[in-house]
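S.K.: Put together the whole structure using the sequences plus the hints.
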Amino acid sequence: MTRSLTHLERLEAESIHILREVASEAEKPVMLYSVGKDSAVMLHLARKAFYPSPPPFPLLHVDTTWKFQTMYDMRERMAHEAGMELLIWQNPEAVERGINPFDHGSTHTDMWKTEGLKQALSHYKFDAAFGGARRDEEKSRAKERIFSFRSASNRWDPKNQRPELWKLYNARKAKGESIRVFPISNWTELDVWQYIHLNDIPIVDLYLSAPRPTVERDGLTLMVDDDRFKLEDGETPVEKSIRFRTLGCYPLTGAVESTATTLPEVIQEMLLTTTSERQGRAIDKEEAASMEKKKQEGYF
Amino acid sequence: MTNDQSPSYKTSDLAAEDIDAYLEQHQHKSLLRFITCGSVDDGKSTLIGRLLYDSKMIFEDQLAALEADSKRVGTQGQNIDFALLVDGLAAEQEQGITIDVAYRFFATEKRKFIVADTPGHEQYTRNMVTGASTADLAIILIDARKGVLTQTRRHSYACKLIGIKNIVLAVNKMDLINYDQDKYQAIIDDYTEFGESIGIDTFTAIPISGLAGDNIAAQSDNTPWYTGKALIDHLETVDLDVTSDQTGSFRMPVQWVNRPNLDFRGFSGTIESGAINPGDAIRILPSGKTSKVERIVTFDGDLDEGVAGQSVTLTLKDEVDCSRGDMITASNSPAEVADQFETTIIWMDDNELLPNRTYLMKIGTQTVTARVNQPKYKIDVNTTQQLAAKTLELNDIGIANLATDKPVVFDAYENSKALGGFILIDKISNATVAAGLINFSLRRSQNVHWQAVDISRDDHANLKNQKPAVLWFTGLSGSGKSTIANLVEKKLYRMNRHTALLDGDNIRHGINKDLGFTDADRVENIRRVGEIAKLMSDSGLIVITAFISPFRAERRMVREMIQDGEFFEIHVDTPLEVAEARDVKGLYKKARAGDLKNFTGIDSPFEAPNNPEIRVNTVEMSAEEAADMIVELVLEKQDK
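Note that the protein sequences, when read in sequence, are chains L and X. Using this note's numbering, read the first sequence as starting at 19 and increasing by one per residue. Using this note's numbering, read the second sequence as starting at 2 and increasing by one per residue.
Worth flagging that the hints you see were computed from the coordinates, not collected in a lab. Heads up, none of these hints are tricks.
Not the full set, but computed from the structure, chain L residues with beta-carbon under 10 Å of chain X:
(1) R65
(2) Y69
(3) R190
Derived list of chain X stretches under chain L, where covered just means 3 residues or more per stretch with a C-beta under 8 Å from a C-beta of chain L:
(4) 16-29
(5) 131-142
(6) 254-266
(7) 297-304
(8) 309-323
(9) 421-428
For every residue, glycine included, the Cβ atom is placed at its ideal position computed from N, Cα and C.
M.R.: Here it is as C-alpha cells:
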C-alpha cells in the first residue's frame, strides 16, 4: 500500500527531522519562544519530535515587559504542558533605564530584543537556538538557510552561508559561534494556521476577534492593553472588534478590524486579505532593507 | 500593468463561500518542490515573480512597495519589475543579479509549491546544486532569442547529476521572437540532441513569456500551435514519484535514541524508503543484529504502518545495541556497508580539494572521517568531456575514490538520494566544502583485512624497556627543528632509549622523492611520514620527526593516527625574521628572489599550532637548553 503524504505531513516530517538533528548534534540547544502562532507550531512540533520524551532543551522567552498580558499567561501554561523548563530574560540595562516603546522608538526593539537575545544566548552559553521564522515572511528571510550561522559577535553574513544539501545539515562550529535554526522555514502563514486548526494547538485569544479598547496612531490600530499606555492629548480608547495577525509588543503591534471569532473565519479573512502579515509591525516599514540590516546585527 | 486576462489559480472563491470546504480541500494538497535555472537575464526572477503575482501571493502593501521600487531601480521603465519581488538582499538589488538560493512559496487548488530560485552565473553553480538537491522538478529557462547556451548545458548536467527526473524546458521571452514556432522548434531540437548526450531522454517543453504571462496560468492565444499544457497546469499534474520511495526496501537512519525512562527505549528517525509494520523483521547496520518491530510510536498515537517520508519512533522486541548513525533496515534486504567508494564530488569551497587530507563526511545521520584520493578525472560540464585533474576547485565536478575510517551504511545515490548523498566538512574551518554522491563501493575494501599479529606493540615496548612516542617538531624552515631534534635523539640515546629520527630533507631524498611542494604534495608528504611514524611507534620506538608540516589539518591527521598520549607536538617557534636572517641553506634568499615557489613563510602559509604539547622559543634559549627541556618534559609526561 502506498499513499501520498499531504503537504502538511511533508512539512511536519521535515521540521521534526531538523529538530532531532539539532538535539543530537548541538551541545546546548534552546528554543526561542515568543508565544505567537509560529512559536506555538514550533513547540508543538518539538513535542511530536521527541515524544514520549519531553523536548530535550529549555524554552527561552526574551521578554520586553511590553507583551500583551494574555501572552504571559499562555507562556506559563504551555511550558508546563510540554514539561519543559522556561527561561525568561529581560535585558538588565533596559530594565534599569526603563526603555519603552513610547519614549525610545527603535531603541526599544534594539535593546530589549536584539541586545536581550544576544545577552541571553551568551549568558546561558547556548550554541543553537531554534526560532520560528518563516521564509515567506520577508525578502531577506527567503535567502536564509535553515541552519544559520552567527559569528562569535552574533552577526549574520548573508554572502558566506553554508550550502545546505538534501537533508544534511552541517552543525559544526568553532567555540563561541552559534547557530540559529529555523525548523519551520518552509511553512507559509496559511500552512501555520491550517496546522493549528488540524492539530487543535492552543493559541493566544488575541488572534481571534473580540471587542477591545483601541486607539489609532500613525496608521496603526493599537490596543490599550494596560494602564502603561500613554494616551496623547485628545486620545480616548474606543472599543472596536479587532484581532491580531502577528503579536509583538502591544504598543507596536497593529490590529485589524475583524469579525472573525473562530479559526476557520480567521483563515478565511487571511485568504481574502490584501495586505501582508508583517505590515502590522512598525519595525519593517522604516526602510526596504531594514530587516536585512537588523539580522546582520543579530536580530532574530 | 493589468493582469485581467490571467485567471487566478488561488481558490479565493471557494474560500469566500465555504471556508470549511476550502480547508478540507487544501488539507489534501500534495507538495511539489522545484528549481528554476537559467542564465543571467533569462528571466528567472521575472517568472517566479509572475507565478506569485498570478497566484495572488503578493499583497497590496508589497505591490505598492514593488511599484515604487520598480520606478526607482527597476529595469522595466514605468512597468512593474517582477524580478524585484524575489531579488531579496540589498547587495543583489544594487548589482542586479541573484547571488544566492532563495525559496518562494505559492499554492494552487491542487498543490503547494516550494520554488528554489538559483543564480545563473558561473561562480555560484554550487548554489544551483544546493537548490537541485531537494527538488522534484527543474524548470530550465532558455531565452528564445539566444537558444541553448553554455550555461543551459551546465545547469542541465547538474540537474541530471543530482537525479531530477522531471525536466521542464521553458522557452521564455516568446513575445520577443513574435511567438515564432519555427524558432521555438529549432531550440527544442537543439536541446533534444544535447539532452540525449547526457542522458536526459525526456523533458517537457513549453513556450512562455514570464513578462507577458503567456502559457503560465493558461494556454495563450499567441501560441495557437502549442497544444501542450500551460506551465501551472503541468506543475499541478506532474507525477511526484512518491510510489517508488514507498515500494523500496525499508530504511531508517537512527537520528536520536528516545529514552524518557527505564521502561521505554525507542529509535527516532525519518523513514527514507519502504514501509514498516509492527512485527516486521529488521536488521540493524553496521552491526548486523536482528530483531522485530514492536511499536511505531508517534505523538498522535501508535501507527499500524509507517511509510517513507514520515518521522517516527520505533521500539524493538529485543534489547539490541542501536544508536545515532546506525540504520534500521529490512532484515531480508539490508543496505550495503563499506569503507571505500567511487564517488562523484562537487567542490563548493574557495580552497581546493587536498587529496589525502582528512575531511569529515556526513551521510544520513553518520559522521565519519574520510580521505579523498586524487581525482580520476573531472568533468567539463559544457562538453561533458573527461579532463585530467590533480585536485578539484570551486564548482568542479570530479570522480574520485574515497576511503572512510570506519564502515558506512549506504545505498548507491542512483537508488537513494538520502542514503547515497553526502557532504564533506573541513575539520578546521567547519565549512561544507563539497557535496558527494556514492556511485558504488569498491570491492577491495571488503577483501583487505588487517593481518593479526602475535607480538603486540606492548611486547615490543616492554622489550625495549620504554614507552613509545612520536616527537613531532614543526616550524619554519631554518627555525632549528633539525638541530634540536638531533640533540634530543643524542640525549635519549645516552639514556638507553631506542629512537628513530625522520628528517624532512632525508625523507624527501628517499621514500618521498616523487613529491614536490604544492599544497597537495605537502599533505601527502606528511601522510606518509605519519604512517611511518605509526609503524615505528608500534614497534616500540621513540620516533623523532623534523618537518615544516605547515598545516594544522595534517598535524591533526597524524595525531589521530598515533596512539592516545604518545603524540608530542613540538613547535619550534622562531619568528620569520630570525629564521630568514639565519637562512642556513640560502633558501629564503631564493624564495624572495622568486626562484623558489611555495616556500613556507614567504608565499605559502605556516599555520602555527594552537595548543602544542611543547613550545620552544629559540630566541630566548639555546638549542642545547631546548633539547634538555624537551627530554625532561616528554619523560615526565610519559611517567604520568
